[in-house]
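We have chain A; now place chain B onto it with these hints.
Note that the protein sequences, when read in sequence, are chains A and B.
Residues in the first sequence are numbered consecutively from 1, following my numbering.
Residues in the second sequence are numbered consecutively from 1, following my numbering.
No wet-lab data here; the hints were simulated from the structure.
Don't take every hint at face value.
Facing chain A, a subset of chain B residues (Cβ under 10 Å, in silico) [to be verified]:
{"id": "1", "residue": "Leu232"}
{"id": "2", "residue": "Glu234"}
{"id": "3", "residue": "Tyr276"}
Where a beta carbon is used, it is the ideal one built from N, C-alpha and C, also for glycine.
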Amino acid sequence: MELGNHLKKLRFEHEGISQQALANAVGVTRLTIHSIENEKFNPSTLLALKIARFFDIPLEEVFFIKTD
Amino acid sequence: MSRFLKSFHLAALSLGFLASAAAAFNLVIFSILYPQVTQLLAEGPNWQTYGVVAAINIIIIAFYQLFSVIALLAHLIIRKETSTILVAAIAVGIISGLMILGDITLLSDIGTEYEAGLQTRGEWWILFASYGLHILSLVLGIISLLRNLQRDPGTREPAYKDEVLFMSLHATGVICGALGLIGVTAGIFSSLNLWMIKRIAVVFGLLILSPYLVILAAWLFRRRLGEVNPGLDEKQFQDLASAGLWSWLASLMVSLVFFGLQLSPFSREGWNALWYPLLLFLSLGLFSSLSLRAYRCG
Chain A
1 MELGNHLKKL
11 RFEHEGISQQ
21 ALANAVGVTR
31 LTIHSIENEK
41 FNPSTLLALK
51 IARFFDIPLE
61 EVFFIKTD
Chain B
1 MSRFLKSFHL
11 AALSLGFLAS
21 AAAAFNLVIF
31 SILYPQVTQL
41 LAEGPNWQTY
51 GVVAAINIII
61 IAFYQLFSVI
71 ALLAHLIIRK
81 ETSTILVAAI
91 AVGIISGLMI
101 LGDITLLSDI
111 GTEYEAGLQT
121 RGEWWILFAS
131 YGLHILSLVL
141 GIISLLRNLQ
151 RDPGTREPAY
161 KDEVLFMSLH
171 ATGVICGALG
181 LIGVTAGIFS
191 SLNLWMIKRI
201 AVVFGLLILS
211 PYLVILAAWL
221 FRRRLGEVNP
231 GLDEKQFQDL
241 ASAGLWSWLA
251 SLMVSLVFFG
261 LQLSPFSREG
271 WNALWYPLLL
281 FLSLGLFSSL
291 SLRAYRCG
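Bound conformation, chain A alone (with noise of 0.2 Å):
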């Protein structure tokens, strides 16, 4: 099982917000937020969730588990 994300869609629906705006917010580098858009690292729940908030919305509808 794989974590997915719908990270670079949220980001697109809220202003086009750059990568480096959503990594200041959630206080973290911009590569963090690269490697987790392309799937590349899981972030750790906290970050997840800081994530979702900043989207203003829950979790799941921005991370979600992939089904083969």
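The following block gives chain B in isolation, referenced to the frame of chain A:
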């Protein structure tokens, strides 16, 4: 780019062109003097003039190294921009700048040994190698300064969690580790005496490590300023942990091979003095390259 940073870049660039001419001029002077001094010929009529010109040229090169390293470090810290060539220019610039002290010592040694009627070929070759490093530093420095001056700052969003120093530190670690391993290999296969290898290992070890220590100091300095949050984020921690594990395992393996070779009939005298520099530069190079790779690609 701020006026201060731009002025510093322009000053360093002007000094860079002047220093290039100075380095070329010194190489010509050394090429003229080398055969005469090594053949222990009588002092020529122009040697005093050559000495004064070479000294002035060394001062110009030293000023360039100082200005360029400060300008490039300031660019890295203030503009928060990094690139391989910028990091290489800073690393080689610091080593080359410190090597100027070595040049002065070498020239003084050559003078004293020539007067005592001793052979100085070894010193001359180290001096020429040092000038190779100065020229590399001039090329990298001038390219970086020009690139920084031409770069459009645009409307980039400022980063509150910094990644530039993280990447620069590890890129410097890769360069220092590689240079250190080249030095250790040269030491292992050299025919120098053991006491000489030990002395050189300490001096060159510190010299090669100096850029890494400077970037590390810049990171700590930024943390102290508190203008941004230079602490690590969770991915950086994870990348460092993974790189640490693999470099630890690889260092253990290489150390085991080295230990085995020391016990074998192929053992060389210099190895006993170089086990620590080997382990240090191997771990540094591996740790930095794996951290950088994991952070950028993982």
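Hint check: is the beta carbon of Tyr276(B) less than 10 Å from a beta carbon of chain A?
-> violated, 34 Å
Grab the minimum C-beta distance from Leu232(B) to chain A and call the hint holds if it beats 10 Å, violated otherwise.
-> The hint holds - Leu232(B) has a Cβ within 10 Å of chain A, the shortest such distance being about 9 Å.
Is the shortest C-beta separation between Glu234(B) and chain A less than 10 Å?
-> Constraint on Glu234(B) satisfied, holds at 5 Å.
Against the hints set out earlier in the document, a violation occurs for number 3 only.
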